[in-house]
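*Asks:* Got chain A; can you put chain B with the ligands on it based on the hints?
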Amino acid sequence: MAAHRLRIHCPHCGVRAVEEFAYGEIPATPDALTDVDARDVDRAFMHSNHEGPVSERWFHTFGCRRWFTVRRDARTNEMLPLPE
Amino acid sequence: MNEFVERAIDLRWPAAIKPAYDVVIIGGGGHGLATAYYLATRHGITNVAVLERSYIGGGNSGRNTTIIRANYGIPEAVRFYQRSVDLYAHLEQETDRALMHKTKGLLWIAHSEAGIRQERARAAVNTACGATTEYVDPAAIGEICPQIDLTGGGVWPVYGASYHPAGSTARHDRVVWAYAEGAMRLGVDVFQRTGVIGLRMERGRVTGVETSQGPIAAGVVLSAVGGHVTTIASMVGLRLPIRTHPLQAFVTNRYAQAFHPIVASSGLGGYASQTAKGEMLIGAEIDRAPSYAYDSGYPFLQHCAFRMMTLLPFLRDLRVLRQWTGVCDMSTDYSPVMGLTGVDGFLVTTGWGTWGFKAIPAGGEQLAALIATGRTPDLIAPFSLDRFARDRTMADRGSAGTH
Ligand SMILES: Cc1cc2nc3c(=O)[nH]c(=O)nc-3n(C[C@H](O)[C@H](O)[C@H](O)COP(=O)(O)OP(=O)(O)OC[C@H]3O[C@@H](n4cnc5c(N)ncnc54)[C@H](O)[C@@H]3O)c2cc1C
Ligand SMILES: [Zn+2]
Numbered sequence: 526m527a528a529h530r531l532r533i534h535c536p537h538c539g540v541r542a543v544e545e546f547a548y549g550e551i552p553a554t555p556d557a558l559t560d561v562d563a564r565d566v567d568r569a570f571m572h573s574n575h576e577g578p579v580s581e582r583w584f585h586t587f588g589c590r591r592w593f594t595v596r597r598d599a600r601t602n603e604m605l606p607l608p609e
Numbered sequence: 008m009n010e011f012v013e014r015a016i017d018l019r020w021p022a023a024i025k026p027a028y029d030v031v032i033i034g035g036g037g038h039g040l041a042t043a044y045y046l047a048t049r050h051g052i053t054n055v056a057v058l059e060r061s062y063i064g065g066g067n068s069g070r071n072t073t074i075i076r077a078n079y080g081i082p083e084a085v086r087f088y089q090r091s092v093d094l095y096a097h098l099e100q101e102t103d104r105a106l107m108h109k110t111k112g113l114l115w116i117a118h119s120e121a122g123i124r125q126e127r128a129r130a131a132v133n134t135a136c137g138a139t140t141e142y143v144d145p146a147a148i149g150e151i152c153p154q155i156d157l158t159g160g161g162v163w164p165v166y167g168a169s170y171h172p173a174g175s176t177a178r179h180d181r182v183v184w185a186y187a188e189g190a191m192r193l194g195v196d197v198f199q200r201t202g203v204i205g206l207r208m209e210r211g212r213v214t215g216v217e218t219s220q221g222p223i224a225a226g227v228v229l230s231a232v233g234g235h236v237t238t239i240a241s242m243v244g245l246r247l248p249i250r251t252h253p254l255q256a257f258v259t260n261r262y263a264q265a266f267h268p269i270v271a272s273s274g275l276g277g278y279a280s281q282t283a284k285g286e287m288l289i290g291a292e293i294d295r296a297p298s299y300a301y302d303s304g305y306p307f308l309q310h311c312a313f314r315m316m317t318l319l320p321f322l323r324d325l326r327v328l329r330q331w332t333g334v335c336d337m338s339t340d341y342s343p344v345m346g347l348t349g350v351d352g353f354l355v356t357t358g359w360g361t362w363g364f365k366a367i368p369a370g371g372e373q374l375a376a377l378i379a380t381g382r383t384p385d386l387i388a389p390f391s392l393d394r395f396a397r398d399r400t401m402a403d404r405g406s407a408g409t410h
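Chains A and B, in that order, give the protein sequences.
Under this note's numbering, the first sequence has 533 at position 8, and the numbering climbs by one with no breaks.
Under this note's numbering, the second sequence has 124 at position 117, and the numbering climbs by one with no breaks.
Chain A on its own, in the form it takes in the complex (with noise of 0.2 Å):
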């Protein structure tokens, strides 16, 4: 798989560096779990750090200083289209 340097579709700046923007994972504490204080843990230190693709926000630091959400392949940085 060849990999893509990462770099970031901003739905309002269009295509920059990576440097220019924070990351914010989405967390994602299974429905399955349904236990009260697990579903806090999980919510606390947890993470889905899923091998493929993945959805996940970033702000625009330098640049429109507006959150949005990406679409992108973990395993290669590509992006890709948001699902409808």
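Just so you know, the hints here were simulated from the structure itself, not pulled from any lab data.
A few of these clues could be false.
Computed footprint of chain B on chain A, listed as stretches where at least three residues anywhere in the stretch have a Cβ under 8 Å from a Cβ of chain B [claimed, not checked]: (1) 534–540; (2) 560–570; (3) 597–606.
Calculated Cβ distances over 10 Å to all of chain B for the following chain A residues [stated by the list, open to error]: (4) Arg530; (5) Arg590; (6) Phe593.
Here the structure is a predicted model, which is why all the values come from computation and not from measurement.
No residue lacks a Cβ here, since even glycine has one placed at the ideal position from N, Cα and C.
*Replies:* The following block gives chain B with the ligands in isolation, referenced to the frame of chain A:
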């Protein structure tokens, strides 16, 4: 022949995979192979397979900057890493391999009042827990490492440092090979190009693995796959406090003078040492965005080189030879995650992030003891996965820092 040429390594590759093993270890990095080695040498357990999907040492164990030290910030970590420092000191003798282990001393520079407090605290907790670290002033720093610009280019003045005489380095691939060789000599089977693609479960217990070469039954399965641990753990629905981040490093051409110590700076987020060949080896912080891509780029090089030059101005005259990347299993509290997982028959060794090369001997030794006896040794009990649910995290970000 010179010291860079390895004598023929005696790796006895097995002919065929057996249908079942007492222990299956996923991942032929330092941690997986050291665990196999100590199972065989300390506990007589040799019905063990190590499954490596690529080549042994091809992960982070062959990509790191090889710094070995015990100057961590919390007692549990100092004791654990000191054990590893002690094992490394005798590893050449034990394995009869030239691992190029070299004690250099490590300076951890403070550039602010807060930094001074941190390095004083490090020296105090190290001394109290059996590691040797002392606080030194700028004059002493200048004597230990005359190349440091104590004004820090006028921007990062050097206020003081903690000095850890045991700080050392070793040739990483030889460490991997020495453990593989020692384990294989006693009958452990190590397979390359054998990837694990599934875990077999029966009544809530892991009973084997699915591999690219077919299924293998196992009494116990240990995941030692570096940055890929989430992929293995998710096969049994296990959630981990791990995020995978790339870490880059680079090496320059030969610096004609001797640069003796290892120099690290939290303020600058970087560290430098000299390889046996004379190259300057420089590392820095992880890439901020999690990723599994082995991409290395110019922005890192620019940022890291610029900062390290303020401390070590002679770097200006050197050229970058190579740059590379590893993908690191970063834990939420910046400490390792070792041992039982709550899933029967399934253990992990992870959370080695950017700091796990130094831990290979002690990590392997302690996990082997756990697998052999079924009991978690005291030395690694604080690093069990269940610490997060018990609200006993081992927060030590200020010591894990990048090396
Ligand atoms: C640039 C860099 C600098 C570093 N500097 C230092 C340092 O100075 N000091 C220090 O102490 N630490 C350092 N580290 C960290 C250190 O390298 C790692 O923590 C350590 O090597 C981890 O060893 P490991 O055996 O757990 O993982 P690895 O060495 O990564 O081994 C894991 C193995 O598992 C294999 N694998 C993965 N998935 C599968 C599968 N499904 N089936 C079979 N096999 C699989 C991989 O191919 C790999 O060979 C650095 C890391 C990097 C990247
Ligand atoms: Zn923007």
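*Asks:* So, for every hint listed, does it hold in this structure?
*Replies:* Here is what the structure says about each hint:
1. 534–540: violated (count 0)
2. 560–570: holds (count 6)
3. 597–606: holds (count 4)
4. Arg530: Incorrect as stated: the minimum Cβ-Cβ distance to chain B is 6 Å, not above 10 Å.
5. Arg590: holds, 17 Å
6. Phe593: The assertion about phenylalanine 593/A holds, with a minimum of 14 Å to chain B.
The earlier numbered hints that this structure contradicts are 1 and 4.
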